[in-house]
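Chemist: Each protein sequence line maps, in turn, to chains A and B.
Residues in the first sequence are numbered from 1 upward in steps of one, following the numbering used here.
Residues in the second sequence are numbered from 1001 upward in steps of one, following the numbering used here.
A hint or two may mislead.
SDA-like, lysine to any residue: derived pairs with alpha carbons at most 20 Å apart [claimed, not checked]: (1) K20(A) / T57(A); (2) K41(A) / T1003(B); (3) K1108(B) / M45(A); (4) K1078(B) / Y1102(B); (5) K41(A) / Y1102(B); (6) K41(A) / G1085(B); (7) K41(A) / L1047(B); (8) K1108(B) / E59(A); (9) K41(A) / T1105(B); (10) K55(A) / Y1102(B); (11) K1055(B) / E59(A); (12) K1055(B) / T57(A); (13) K1111(B) / K55(A); (14) K1111(B) / K20(A); (15) K41(A) / P1041(B).
It should be emphasised that the hints constitute simulated quantities derived from the structure, not laboratory data.
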Amino acid sequence: GAVVSQHPSWVICKSGTSVKIECRSLDFQATTMFWYRQFPKQSLMLMATSNEGSKATYEQGVEKDKFLINHASLTLSTLTVTSAHPEDSSFYICSDVDYQNQETQYFGPGTRLLVL
Amino acid sequence: AQTVTQSQPEMSVQEAETVTLSCTYDTSESDYYLFWYKQPPSRQMILVIRQEAYKQQNATENRFSVNFQKAAKSFSLKISDSQLGDAAMYFCAYRISGAGSYQLTFGKGTKLSVIP
Chain A
1 GAVVSQHPSW VICKSGTSVK IECRSLDFQA TTMFWYRQFP KQSLMLMATS
51 NEGSKATYEQ GVEKDKFLIN HASLTLSTLT VTSAHPEDSS FYICSDVDYQ
101 NQETQYFGPG TRLLVL
Chain B
1001 AQTVTQSQPE MSVQEAETVT LSCTYDTSES DYYLFWYKQP PSRQMILVIR
1051 QEAYKQQNAT ENRFSVNFQK AAKSFSLKIS DSQLGDAAMY FCAYRISGAG
1101 SYQLTFGKGT KLSVIP
């Protein structure tokens, strides 16, 4: 399957700072990528769909000014958590869509964010 | 709206034995995809198996196989000869077929423990 990388794998930051998470599609050009959030012992919650060259599509209840998504190239999408607060602490996962493999989603290894 | 239900929050199996994880879904669509993803303690989401709804033949991948019952909207995962490395959260997921329809709907997951 496709290979997706995320960086950093974990980050600790102070409340009020912004944190950028990178998601890279290593095998192919991904025009569509997804960002998920996962709380402990829960399923994945879709936050937004990242579209190359256009604005991201956010799910209901997700603050677009809080979670800035940029998909400036076909292999890179970034999620910036702006003015992070402790309630933003979570596990963030991205995925890309492999069009050559029945549009299957393959996931990055995730980023663990802890806001103090 | 599509929903995916995993009725077993936790399951356990003896090493080398067989276990079946249940998944049901609700949809009015006739063409779609179903997936099982595995999330081990590392939290990396790994695709286990995929099933196209238009295919009557059940998908198999080595020790993993599914029992797809389209009329009953059931999609169970059977793991044969269970190994310690199979211990993980397993998520059932659904996606409608069609261009641009890449979003996954996940179940809440089943935690599988493998007893040595």
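Chemist: Compare the distance between the alpha carbons of K41(A) and T1003(B) with 20 Å, and conclude whether the hinted pair is satisfied.
Modeler: holds, 19 Å
Chemist: Verify the proposed pairing of K20(A) with T57(A), using a straight-line Cα cut of 20 Å.
Modeler: Roughly 18 Å separates the two Cα atoms, so the pair holds.
Chemist: Sort out whether E59(A) lies within 20 Å of K1108(B), counting only the CA atoms.
Modeler: holds, 18 Å
Chemist: Are the Cα atoms of K1055(B) and E59(A) separated by 20 Å or less?
Modeler: At roughly 31 Å apart (the allowed maximum being 20 Å), E59(A) and K1055(B) break the hint.
Chemist: Would you mind confirming whether the straight-line C-alpha gap from K41(A) to Y1102(B) stays at or under 20 Å?
Modeler: violated, 24 Å
Chemist: Within 20 Å, alpha carbon to alpha carbon, are K41(A) and L1047(B)?
Modeler: It holds: about 19 Å lies between the C-alpha atoms, which stays within 20 Å.
Chemist: Within 20 Å, alpha carbon to alpha carbon, are K1111(B) and K20(A)?
Modeler: Cα-Cα ~31 Å, so violated.
Chemist: Within a Cα-Cα threshold of 20 Å, do K55(A) and Y1102(B) meet the stated pairing?
Modeler: The given pair, whose Cα atoms are some 17 Å apart, holds under the 20 Å limit.
Chemist: Holds or violated: K1078(B) with Y1102(B), Cα cutoff 20 Å?
Modeler: Violated. K1078(B) to Y1102(B) sits at ~25 Å, over the 20 Å cutoff.
Chemist: Would the hint linking K1111(B) and K55(A) be met if the CA-CA limit is 20 Å?
Modeler: Measuring from Cα to Cα gives roughly 36 Å; hence the hint is violated.
Chemist: Starting from K41(A), check that the Cα of T1105(B) is at most 20 Å away, please.
Modeler: Holds. K41(A) to T1105(B) sits at ~17 Å (cutoff 20 Å).
Chemist: Would you mind confirming whether the straight-line C-alpha gap from K41(A) to G1085(B) stays at or under 20 Å?
Modeler: holds, 19 Å
In summary, the structure is inconsistent with hints 4, 5, 11, 12, 13 and 14 from the numbered list given earlier, while agreeing with the others.
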